[in-house]
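Asks: The listed protein sequences derive, respectively, from chains R and V. Counting along the first sequence from 1, when you hit position 62 you're at 62 in my numbering, and nothing is skipped either side. Counting along the second sequence from 1, when you hit position 605 you're at 605 in my numbering, and nothing is skipped either side.
Hints were generated in silico from the structure; no laboratory data involved. There could be a bad hint or two in this list.
[Stated by the list, open to error] The list that follows gives simulated cross-link-like pairs (lysine-lysine, DSS-like), each with its CA atoms no further than 25 Å apart:
#1 V:K516 x V:K470
#2 V:K295 x V:K516
#3 V:K408 x R:K150
#4 V:K516 x V:K530
#5 V:K135 x V:K449
#6 R:K150 x V:K470
#7 V:K470 x V:K408
#8 R:K150 x V:K413
#9 V:K413 x V:K295
[Stated by the list, open to error] Under 7 Å between C-beta atoms, here's a sample of chain V residues computed to sit facing chain R:
#10 L28
#11 I116
#12 F128
#13 L131
#14 T204
#15 E332
#16 A333
#17 A336
[To be verified] Listed next, the stretches of chain V that the computed footprint assigns to chain R, with coverage defined by at least 3 CB atoms under 8 Å from CB atoms of chain R:
#18 19-25
#19 468-479
#20 597-605
Quick reminder that beta carbons are idealized off the backbone N, C-alpha and C, glycines included.
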Amino acid sequence: MRRGDQPRSGGARPATLLTPSLLWIAVFFAGPLLVMAVFSLARRGAYGTIDWTLGLQNYAQALDPLYLTVYGRSLWIALVTTILCFAAGYPAAYAIAMKVPARWKSTLLVLAVVPFWTSFLVRTYAWRFMLQDDGLVNAVFAWCGLPAQKLLYTDTAVMIGQVYAELPFMILPLYAAIERLDRRLLEAASDLGASRISRFVHVTLPLTKSGIVAGVVLVFVPSLGAFITPDMLGGAKSMMIGSLIQEQFVQRNQPFGAALGNLLAVAVLILLAVAWRAGARDEARA
Amino acid sequence: MSATSRPAPQAPRPFGAWLGIAAVYAYLYVPILVLVVFSFNASRQMAVWSGFSLDWYAKAWQDEAVIQSLRTSLFVAFISTALSVLVGTPAAIALGRHRFRGRGFVDGIFYLPVVIPEIVLGFASVVFFGLAGWKLGFWSVVVTHVAFSISYVVFTVRARLAMLDPRLEEAAADLGAPPLEAFARVTLPLLVPGLVSAALLVFTISLDDYVVTSFVAGSGGTTLPLQIYSMVRTGVTPEINAISTILLLATFVLVLLSQRYESGAAGRGTSAVAAAVVIALGVFSIGGPVRDAGKRELSVYIWSQYLPEELVAEFEARYDVRVNVELYDSNEAMLAKLQTGVTSYDIVVPSDYMIEVLRANDLLGEIDTRRLTNLDNLNPRFLGLPFDPENRYSIPYGWGTSGIGYRKDLCPKPIRSWADLWDPALRDRLGMLNDARENFAAALKREGKSLNSTDEADIARAAELVEELKPLVRTFESDTFAENLLAGEVWVTQGYSGQIARVALENPDIEYVIPKEGCTMFVDSMCIPKSAPNADLAHLFIDFVLEGRSAARITEVMGFATPNRASLEFLPPEYRDNPAIFPPDRALDDCEFMTDLGSAMEIYDRFWTRIKS
Chain R
1 MRRGDQPRSG GARPATLLTP SLLWIAVFFA GPLLVMAVFS LARRGAYGTI
51 DWTLGLQNYA QALDPLYLTV YGRSLWIALV TTILCFAAGY PAAYAIAMKV
101 PARWKSTLLV LAVVPFWTSF LVRTYAWRFM LQDDGLVNAV FAWCGLPAQK
151 LLYTDTAVMI GQVYAELPFM ILPLYAAIER LDRRLLEAAS DLGASRISRF
201 VHVTLPLTKS GIVAGVVLVF VPSLGAFITP DMLGGAKSMM IGSLIQEQFV
251 QRNQPFGAAL GNLLAVAVLI LLAVAWRAGA RDEARA
Chain V
1 MSATSRPAPQ APRPFGAWLG IAAVYAYLYV PILVLVVFSF NASRQMAVWS
51 GFSLDWYAKA WQDEAVIQSL RTSLFVAFIS TALSVLVGTP AAIALGRHRF
101 RGRGFVDGIF YLPVVIPEIV LGFASVVFFG LAGWKLGFWS VVVTHVAFSI
151 SYVVFTVRAR LAMLDPRLEE AAADLGAPPL EAFARVTLPL LVPGLVSAAL
201 LVFTISLDDY VVTSFVAGSG GTTLPLQIYS MVRTGVTPEI NAISTILLLA
251 TFVLVLLSQR YESGAAGRGT SAVAAAVVIA LGVFSIGGPV RDAGKRELSV
301 YIWSQYLPEE LVAEFEARYD VRVNVELYDS NEAMLAKLQT GVTSYDIVVP
351 SDYMIEVLRA NDLLGEIDTR RLTNLDNLNP RFLGLPFDPE NRYSIPYGWG
401 TSGIGYRKDL CPKPIRSWAD LWDPALRDRL GMLNDARENF AAALKREGKS
451 LNSTDEADIA RAAELVEELK PLVRTFESDT FAENLLAGEV WVTQGYSGQI
501 ARVALENPDI EYVIPKEGCT MFVDSMCIPK SAPNADLAHL FIDFVLEGRS
551 AARITEVMGF ATPNRASLEF LPPEYRDNPA IFPPDRALDD CEFMTDLGSA
601 MEIYDRFWTR IKS
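Can you build the whole structure from these sequences, using the hints too?
Replies: Below is the structure:
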């Protein structure tokens with residue numbers, strides 16, 4: 001699907017077309033990140049002012065074993081969220097793309113996004129009311145004759161809320177990839193005697209890899225920095241990277257917060273580069 | 001890619017597929033359903049259904065703060081959507097229709113805003129605005145929203161562009177159309193569905209953003225999510241559910257319409273309805289600013305639930321001004337904003353120790369007490385406190401304690417002291433404030449130490465005690481601890497007197513106790529930041545609050561005590577004679593103000609992080 005490179009779109013040159021957006025991003029996006037890079041080298045002064053003696057002490061502090069459990073927990077939450085989203089999102093995306101009559105598809109996709117038109121705070125609070133001791137979930141349990149469960153302020157609640165917040169970001173790119181799938185390849189696999197499972201593993205999954213990579217990135221990255229859902233549904237019993245950073249801003253150790261933020265951003269970028277290469281290989285093969 | 005390469009779908013085996021889809025969508029929609037249903041609930045309690053009512057819709061409509069924040073949100077969303085579509089679309093065309101050196105690199109740049117965690121961007125932006133000297137307010141929110149929205153526009157429009165057949169444009173060119181005309185008459189109309197979905201996507205993101213906005217917002221930039229966040233400090237009221245339901249409905253209509261555009265089924269009628277909805281929202285969003293254009297403005301930066309709506313309205317009417325009320329939920333958050341040096345607040349209401357910090361940072365302006373005609377209304381006991389001995393910088397607003405609230409009907413035995421919290425019978429039924437200092441205060445007081453101790457051994461011992469307490473803790477919560485008590489989710493909670501006093505009025509089984517070892521006592525005071533653009537109006541406001549009737553209304557709303565003697569005659573007896581609000585003097589004997597601990601705070605922070613990891 002390569003196109004020629006004749007100048008189009010009104011004859012404007014790419015540089016002209018790109019300047020406004022790149023300029024905006026340079027000033028209001030890259031600018032802040034750059035400032036933060038410098039900031040992370042400063043020190044906390046008395047009363048939370050900034051002492052501009054530059055050094056790497058904040059990064060050294062960030063590697064203190066004290067914080068490693070915090071990073072570990074954030075990673076763990078992000079990982080489990082991603083896995084659960086994939087487990088629930090792939091079948092759903094597959095069903096929408098392959099099993100559902102065409103006229104339903106776009107409606108179902110829109111319906112996946114509509115919950116996001118309410119504030120996520122309100123949605124999270126709705127979950128609190130559903131998960132609390134006398135909430136809806138326990139009412140359903142009671143109706144089924146099951147014992148009441150303590151749900152709110154547990155890890156289960158955190159996962160329910162996290163997956164809830166991220167699931168559509170998994171479904172949409174997966175749908176796009178599955179929808180693009182050339183069904184003749186699937187038929188060919190079946191004709192050649194592949195079982196449904198082996199067909200799925202050897203044909204469907206590899207061919208939808210770009211969607212999987214996109215979905216995993218879109219879910220994993222925000223989960224890594226998440227802290228509001230874990231605090232609201234998990235009772236703030238364990239710190240996350242996100243809450244640690246926010247706490248530095250609030251507790252007046254902004255240089256350390258900046259260092260933590262930079263580390264998080266770099267970690268995400270490395271992850272992305274890996275995902276990118278996986279995706280690029282995939283595209284080169286296709 | 002062309003649609004013809006795909007054969008007809010396989011014979012669907014719909015049952016299993018539909019079942020799976022139904023499960024996922026049930027999960028997505030049950031919470032939404034819950035909030036819609038409870039927006040019609042007559043009771044404030046979300047767990048109990050007590051009859052159908054439209055009261056919350058009426059109430060939301062009359063709540064000036066909510067309406068104003070909704071306007072701000074929509075206005076921000078409209079402008080940032082327009083800007084990002086305007087700026088992002090050319091970039092999408094460049095990337096989608098041109099090949100040039102460094103295209104991969106440029107492509108990568110557009111991915112950055114999508115993948116950089118929000119907390120990092122928010123933090124970085126506020127520091128950046130501070131250094132650049134750019135005032136935090138409405139526009140700081142808009143430009144930041146655009147900065148992370150452009151990428152979404154680029155991706156969405158580019159995806160649509162990839163679906164278009166470039167030969168159409170070529171055909172137009174072959175038929176003699178100049179490039180600009182070929183673009184305007186062929187490509188652009190075909191791009192519209194992409195532009196519409198990009199706009200919708202960006203609009204949603206802007207409307208819902210909380211984390212970044214909370215960092216960069218300043219006076220005039222309080223969006224609905226920020227307002228909601230401060231309202232949920234006392235639990236989600238059905239009022240917020242009502243607002244959410246209306247927004248849901250409006251946006252649902254917009255999405256359906258955009259769907260029709262994309263499927264090409266849109267006729268005149270669709271366009272007319274879409275235009276009508278957009279115009280209605282647009283007119284609504286600029287209604288406020290237009291009405292108040294040209295008026296003098298007073299910006300008040302204050303704790304949530306501290307300033308009753310009708311007092312704001314009264315002040316606005318009396319002096320023909322406009323009052324912006326912005327809310328914060330911790331002294332530190334307020335300090336962090338002021339420290340950026342680019343805020344324009346006229347009044348802030350810090351607590352005792354924070355006044356010292358603000359003064360040390362040279363952030364407060366002097367108050368001219370000669371201009372305060374109602375100063376004599378204050379109880380002299382609250383004047384000349386150690387953090388501001390001559391009241392040159394602060395005038396007391398309200399005071400309270402952070403003690404313990406508990407359920408008499410659920411707790412195995414009455415709670416009288418901090419030591420009572422270390423009771424295994426309370427496992428999983430104990431709430432603590434989500435604040436290092438307050439947790440350590442409970443432990444230090446239990447040991448008979450000062451809650452301002454900077455002695456490392458004291459702090460280490462307190463940390464051990466908090467660590468011991470942690471397995472009993474159900475939740476660390478500084479916002480909705482009182483709601484948790486009301487719902488019975490916790491039986492005992494550390495908390496601020498005001499919020500607990502308020503829920504105790506709803507449920508007589510709730511009691512607020514000042515532990516016998518003593519606890520934190522705080523006085524929140526009105527101050528005028530040095531950078532205040534309208535210090536003159538700020539003095540009028542302080543004097544207005546000092547009127548007995550105003551102070552009484554404030555006490556009723558916040559549940560904290562007032563230092564205002566003249567207000568007592570206006571207070572209903574359940575407030576005036578309430579020991580949770582106005583405790584007897586001897587209960588305060590062992591209470592202390594917090595003081596800024598300087599570098600010792602790092603010791604607390606380390607222990608706190610360890611306890612929480």
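Asks: Does V:T204 pass the interface hint, meaning its C-beta sits closer than 7 Å to a C-beta of chain R?
Replies: Result: holds, 6 Å to nearest chain R Cβ.
Asks: Verify the interface restraint on V:A336: the C-beta must sit less than 7 Å from at least one C-beta of chain R.
Replies: Holds, because the Cβ-Cβ distance from V:A336 to chain R comes to roughly 6 Å (cut-off 7 Å).
Asks: When the nearest CB of chain R is found for V:L131, is that gap smaller than 7 Å?
Replies: Hint holds; V:L131 Cβ to chain R Cβ min 6 Å, cut 7 Å.
Asks: Can the hint on V:F128 be confirmed by a CB-to-CB distance to chain R that is less than 7 Å?
Replies: Holds, because the Cβ-Cβ distance from V:F128 to chain R comes to roughly 4 Å (cut-off 7 Å).
Asks: Does the interface hint hold: is V:A333 within less than 7 Å of chain R, judged Cβ to Cβ?
Replies: 6 Å, holds
Asks: Is the Cα-Cα distance between V:K413 and V:K295 25 Å or less?
Replies: 57 Å, violated
Asks: Hint check: is the beta carbon of V:L28 less than 7 Å from a beta carbon of chain R?
Replies: Hint on V:L28: holds, closest Cβ of chain R at ~5 Å, below 7 Å.
Asks: Given the hint that V:K135 pairs with V:K449, test it: the Cα-Cα distance must not exceed 25 Å.
Replies: Measuring from Cα to Cα gives roughly 43 Å; hence the hint is violated.
Asks: For the pair supplied as a hint, V:K516 and V:K530, confirm whether the alpha-carbon distance does not exceed 25 Å.
Replies: Not OK: V:K516 and V:K530 at ~40 Å, beyond 25 Å, violated.
Asks: With a C-beta cutoff of 8 Å, work out whether three or more residues of the segment 597-605 of chain V approach chain R closely enough for the coverage to hold.
Replies: holds (count 5)
Asks: At a Cβ distance under 8 Å, does chain R reach at least three residues of the segment 468-479 of chain V?
Replies: holds (count 6)
Asks: For V:K408 and R:K150, compute the direct alpha-carbon distance and say whether it is at most 25 Å.
Replies: Holds - the C-alpha atoms of R:K150 and V:K408 are around 22 Å apart, at most 25 Å.
Going down the numbered hints, you'll see the structure goes against 2, 4, 5 and 9, while the others check out.
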